[in-house]
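**Student:** Taken in sequence, the protein lines are chains A and B.
Under this note's numbering, the first residue of the first sequence is numbered 1, with each subsequent residue one higher.
Under this note's numbering, the first residue of the second sequence is numbered 1, with each subsequent residue one higher.
Incorrect hints may have been included.
Remember, identical chains collapse to one label, so a pair may be satisfied in a single copy or spanning two.
With a Cα cut of at most 30 Å, we get these calculated DSSO-like pairs of lysine-lysine [said to hold, decoys possible]: (1) K85 to K303; (2) K216 to K146; (3) K114 to K313; (4) K134 to K342; (5) K85 to K313; (6) K332 to K309; (7) K216 to K527; (8) K205 to K216; (9) K135 to K205; (10) K205 to K527; (11) K134 to K479; (12) K476 to K135; (13) K479 to K135; (14) K85 to K205; (15) K134 to K527; (16) K134 to K476; (17) K85 to K479.
What the hints contain is simulated information worked out from the structure, not anything from laboratory work.
2 protein chains.
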Amino acid sequence: MALPRLLVRALHRAAAAAAPAAPDFNSFVTRTNTCGELRAAHVGQKVTLYGWVQYQRQGLFLVLRDFQGLTQVIIPQDEAHSHVKELLSNAPLESVVRVTGTVSPRPQGQENPKMPTGDIEVKAETAEILNSCKKLPFEIKDFIKKSEALRMQYRYLDLRSSRLQWALRLRSRVVMRMREYLCNLHGFVDVETPTLFKRTPGGAKEFLVPSREAGKFYSLPQSPQQFKQLLMVGGLDRYFQVARCYRDEGSRPDRQPEFTQIVDVSEVLRGSNIHFVQNALSYPHGSIRAICIPQGVRYLTNKDLGSLKESAKSQFNQEIMEIICRPDGSLKSLLTKFLSEKEQSELIQALNMQEGDVVLLAAGEHKQVCSALGALRLLSANLLEAAGLALRDPTAFHFLWVVDFPLFLPKAENPTELESAHHPFTAPHPSDVSLLYSDPTKVRSQHYDLVLNGNEVGGGSIRIHSAEQQRFVLEKVLKEDSEVLSHLIEALEFGAPPHGGIALGLDRLISLIVDAPSIRDVIAFPKSFRGRDLMGNAPDYVTPEELEPYHIQVSWPLEEKEAKKN
Amino acid sequence: MALPRLLVRALHRAAAAAAPAAPDFNSFVTRTNTCGELRAAHVGQKVTLYGWVQYQRQGLFLVLRDFQGLTQVIIPQDEAHSHVKELLSNAPLESVVRVTGTVSPRPQGQENPKMPTGDIEVKAETAEILNSCKKLPFEIKDFIKKSEALRMQYRYLDLRSSRLQWALRLRSRVVMRMREYLCNLHGFVDVETPTLFKRTPGGAKEFLVPSREAGKFYSLPQSPQQFKQLLMVGGLDRYFQVARCYRDEGSRPDRQPEFTQIVDVSEVLRGSNIHFVQNALSYPHGSIRAICIPQGVRYLTNKDLGSLKESAKSQFNQEIMEIICRPDGSLKSLLTKFLSEKEQSELIQALNMQEGDVVLLAAGEHKQVCSALGALRLLSANLLEAAGLALRDPTAFHFLWVVDFPLFLPKAENPTELESAHHPFTAPHPSDVSLLYSDPTKVRSQHYDLVLNGNEVGGGSIRIHSAEQQRFVLEKVLKEDSEVLSHLIEALEFGAPPHGGIALGLDRLISLIVDAPSIRDVIAFPKSFRGRDLMGNAPDYVTPEELEPYHIQVSWPLEEKEAKKN
């Protein structure tokens with residue numbers, strides 16, 4: 001398991017790396033300095049700054065902004081500079097301006113210690129409006145309060161906020177450190193793999209791209225999975241890529257991590273006479289589990305509890321039962337009347353409930369119960385933190401490896417058949433290889449997931465490198481047609497080295513590093529949750545003529561067809 | 001023009017950069033050394049190597065290969081190691097093998113000075129076959145002689161060749177140096193822009209991606225053009241991206257560079273009575289041009305000349321006339337009988353023809369003539385070099401900027417209307433802005449192309465940052481509907497800074513750096529010229545069920561429909 005260690009080290013190094021020598025932001029441009037650069041040491045220098053007008057006050061001074069910071073510019077008041085005064089006083093906010101002038105110390109008592117350039121100001125001598133800004137729909141600083149749709153429509157204005165500037169610039173630097181670590185320190189090779197390929201078996205979530213050959217389609221792969229393996233076969237080892245992955249789907253709540261600290265209370269309640277408990281335990285993988293929210297009574301409102309239950313219902317189709325521990329230590333819940341004193345006290349003990357705690361209990365199929373409670377645990381933490389409780393240290397990064405996943409799972413729709421827990425290329429655990437042929441359900445996989453502060457940030461596996469084993473898994477265990485993967489299996493026959501890898505979800509990882517509430521805050525132009533681009537209005541209609549070269553036509557749903565007729 | 005300079009400097013630096021400290025190729029793995037690493041200084045060390053069996057001789061020794069080089073391994077002959085002997089002697093070529101043994105000096109006189117590890121050999125003590133290779137369709141070293149289709153089908157084997165290994169690893173390092181230059185030295189920000197966007201007006205060559213909303217399509221943009229500009233508006237200046245560009249088309253011969261050293265002979269021939277000459281000169285942009293191939297008689301066969309003419313005909317629909325200068329200085333050509341002595345001697349003078357030279361002459365529309373002769377010039381150079389003439393120094397890199405392009409060109413199908421020479425966002429030359437409103441055909445653009453050794457490797461432009469000017473260009477000059485670009489024009493109104501950029505064609509650039517005959521030699525998994533993936537067989541058919549979520553159906557061409565019926 002040398003491979004997974006690598007990535008964690010890379011992350012640590014990236015975080016810990018001493019800042020490299022500051023880049024030269026003033027190369028190739030006509031400014032002399034950025035707006036974040038001037039200090040007392042520059043006093044007396046003649047400088048040329050370019051930036052956006054952040055603020056302007058009564059024709060006296062303005063604040064100029066660029067990606068490096070802010071500088072205060074004094075507007076000249078004398079007759080000789082009346083043109084400069086007129087120009088700068090009338091420049092609308094967010095206009096792009098050039099100012100040339102002399103760096104001066106601020107008058108005593110007017111220094112601003114909170115501003116890195118707060119010791120100085122620039123006395124403007126000449127100025128130029130490079131582009132005037134029309135009235136903004138909102139002030140940049142107010143953007144964050146506005147609706148998601150509006151912010152997406154004016155994404156280019158939102159991008160000017162220090163919040164997004166910081167996140168996107170940090171992302172660029174983190175990725176650069178990763179590359180330096182992989183390429184320069186460890187000899188990895190950056191290889192681009194194709195994004196127009198053929199459909200993966202079971203790749204139901206892959207976007208299709210019609211070709212000019214009638215009936216033939218490319219697909220946009222969800223990951224460069226097959227190509228990664230073929231590079232290994234091709235001797236391009238130590239490969240990496242910052243790859244584009246396309247997935248045509250909404251969020252998949254069932255992929256939530258399963259490693260919640262939950263407590264299994266099935267045994268405590270097994271003897272009880274409660275219908276939904278017995279019902280849950282009748283499942284082949286039935287389970288009753290609970291999480292305890294310490295001091296939930298104090299920090300969570302009824303509305304909070306309602307939204308937690310609603311969320312479990314809508315995302316996981318999972319009913320949640322709440323149990324509250326009263327100040328006197330007794331339990332308040334719809335369940336209590338079905339439970340004996342002994343069962344109640346066993347429950348308190350199992351969950352280590354204290355006065356004022358709230359327990360959320362779920363009964364049902366093991367995986368669904370775990371997924372729902374895992375999500376509720378994170379939601380509860382958000383609610384508690386919103387209520388003022390300091391739960392998680394935003395500067396702490398806790399990494400966790402999840403290993404020993406099962407290689408196969410029973411199919412939901414037909415539990416006598418098996419499907420791959422991850423994908424059919426994952427290798428079995430070396431100790432379990434013989435089970436592959438006798439009892440495949442017991443085989444652990446060489447899949448591993450990387451978790452950061454409770455969020456899955458990456459995963460990978462050691463792959464099958466034996467053509468024979470790969471064919472056995474596909475044909476005998478999964479009962480799939482291996483023909484569509486013949487090129488991959490054939491490649492394994494030509495001296496494929498043992499190999500494995502990992503993929504990090506860069507959006508997720510960076511959003512955790514910068515403590516952003518959504519991955520949309522670390523993507524320059526994110527799509528809405530329905531996959532729409534609200535700024536450019538994509539996807540959009542195209543004409544039948546544009547479809548012609550691709551030999552496709554739109555099958556309008558019946559009602560639209562009818563509407564068009566009339 | 002500070003921007004273009006930047007890229008040339010980056011390239012020079014990339015080429016000249018002192019090699020960084022060698023990366024550690026033995027981290028995270030169980031080998032002790034790569035196959036290219038061992039020297040006399042390692043003698044006596046116990047080492048573990050992993051690699052492919054490159055060569056094996058009579059059970060006595062084998063050569064092990066990895067991406068770093070080759071090492072000779074001595075197969076033990078004593079009884080105690082009979083198992084190792086059997087295993088290594090029987091391992092098929094290209095099998096993956098582990099060998100552990102002791103580094104020994106080669107017997108005196110058996111050193112191989114051509115091989116970096118030629119002073120030593122490894123005496124095997126234990127060994128393991130990690131994956132046996134079935135019989136190869138061809139030996140790796142013979143791959144280059146095989147057909148393109150076969151090499152593409154077994155691309156993963158071709159990738160093992162030192163030629164492709166070298167090209168792809170060099171590409172990775174060059175891109176890394178570019179990144180270091182941009183990010184670390186000059187503070188550029190690496191930003192990923194979306195590849196699922198909406199159709200660009202006039203983007204006839206954009207791939208379409210059906211969405212789950214009936215009739216609505218994304219498109220795969222040919223370049224991140226609009227997003228680049230929006231990032232500038234958003235204050236994310238100094239942006240760069242190693243971007244994926246999708247273009248649904250074959251090669252576009254009309255984009256061949258137009259800067260061939262050709263000679264205009266229109267005036268020399270204007271007085272002549274030759275039909276096709278007069279015909280060509282009757283065009284509004286008619287022109288007769290010629291290139292001279294020195295000593296073409298000696299180095300080019302009739303078949304070569306035929307293929308040059310054929311290529312001009314098939315790629316550019318351009319007839320080519322040849323003129324040969326005989327040893328006695330007279331001309332041999334179908335043209336000569338139409339030319340007076342004086343005209344012939346003027347022609348010889350204009351083209352500076354020497355005995356044995358071959359001239360290729362084209363008459364027709366200026367652009368087509370230039371494009372065809374430009375292509376022929378490069379093809380001729382290839383033929384001359386294949387015939388043994390040393391024309392171009394493969395280690396010399398000659399860069400050239402092409403500037404002052406016209407901003408607009410008359411439309412081919414209707415010369416009274418104008419179209420953008422590049423795209424409608426290119427800014428006019430500052431000296432020509434007023435002409436935009438009076439005589440747009442005379443306006444030079446701020447577009448620039450970068451040429452390396454006669455090949456276009458990049459291009460870019462200063463963009464229009466004034467919404468008013470952009471609207472004027474779209475609506476008044478180009479008579480286009482600006483509505484589809486409303487989001488971009490609106491963005492320009494909100495304080496867009498003056499901006500510009502450049503894009504390098506990385507495939508082309510790297511293929512010139514490594515002197516590869518085709519860009520396919522610097523791409524891991526290239527598509528065939530018809531856009532097919534011959535290894536995985538993409539694009540491929542999909543079922544009607546798979547099309548259903550996208551609300552599309554295939555319009556089979558009539559004959560296929562009929563064939564299906566019967």
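**Student:** Is it within a copy, between copies, both, or neither that the alpha carbon of K135 lies no farther than 30 Å from that of K205?
**Tutor:** neither (42 Å within a copy, 37 Å between copies)
**Student:** First find the shortest C-alpha distance between K85 and K205 inside one copy, then the shortest across copies, and answer within, between, both or neither for a cut-off of 30 Å.
**Tutor:** neither (59 Å within a copy, 50 Å between copies)
**Student:** Up to 30 Å between alpha-carbons, please classify K85 paired with K303: within, between, both or neither.
**Tutor:** neither (55 Å within a copy, 75 Å between copies)
**Student:** Please work out whether the CA atoms of K476 and K135 approach to 30 Å or closer within one copy, between two copies, in both situations, or in neither?
**Tutor:** Answer is between; shortest inter-copy Cα gap is 26 Å, intra-copy 67 Å.
**Student:** When Cα atoms must be at most 30 Å apart, do K332 and K309 count as within-copy, between-copy, both, or neither?
**Tutor:** within (17 Å within a copy, 93 Å between copies)
**Student:** With 30 Å as the alpha-carbon cut-off, assign the pair K216 and K146 to within, between, both or neither.
**Tutor:** So K216 and K146 pass the 30 Å test across copies only (28 Å; inside, 44 Å).
**Student:** Could you figure out if K114 and K313 sit no more than 30 Å apart (CA to CA) within one copy, between two copies, both or neither?
**Tutor:** neither (48 Å within a copy, 71 Å between copies)
**Student:** 30 Å Cα cut-off: does K85 pair with K313 within a copy, between copies, both or neither?
**Tutor:** For K85 and K313, the Cα distance exceeds 30 Å both inside one copy (62 Å) and across copies (65 Å).
**Student:** Checking an output row: K216 and K527, CA cutoff 30 Å. Within, between, both or neither?
**Tutor:** For K216 and K527, the Cα distance is within 30 Å both inside one copy (28 Å) and across copies (15 Å).
**Student:** Could you figure out if K134 and K342 sit no more than 30 Å apart (CA to CA) within one copy, between two copies, both or neither?
**Tutor:** neither (72 Å within a copy, 68 Å between copies)
**Student:** How do K479 and K135 come out at 30 Å by Cα distance, when the copy is not named: within, between, both, or neither?
**Tutor:** Cα proximity of K479 and K135: across copies only (28 Å, versus 63 Å in one copy).
**Student:** If the cutoff is 30 Å on CA atoms, where do K85 and K479 land: within, between, both or neither? Let me know, please.
**Tutor:** neither (79 Å within a copy, 40 Å between copies)
Consistency with the previously given hints fails for numbers 1, 3, 4, 5, 9, 14 and 17, ordered from lowest to highest.
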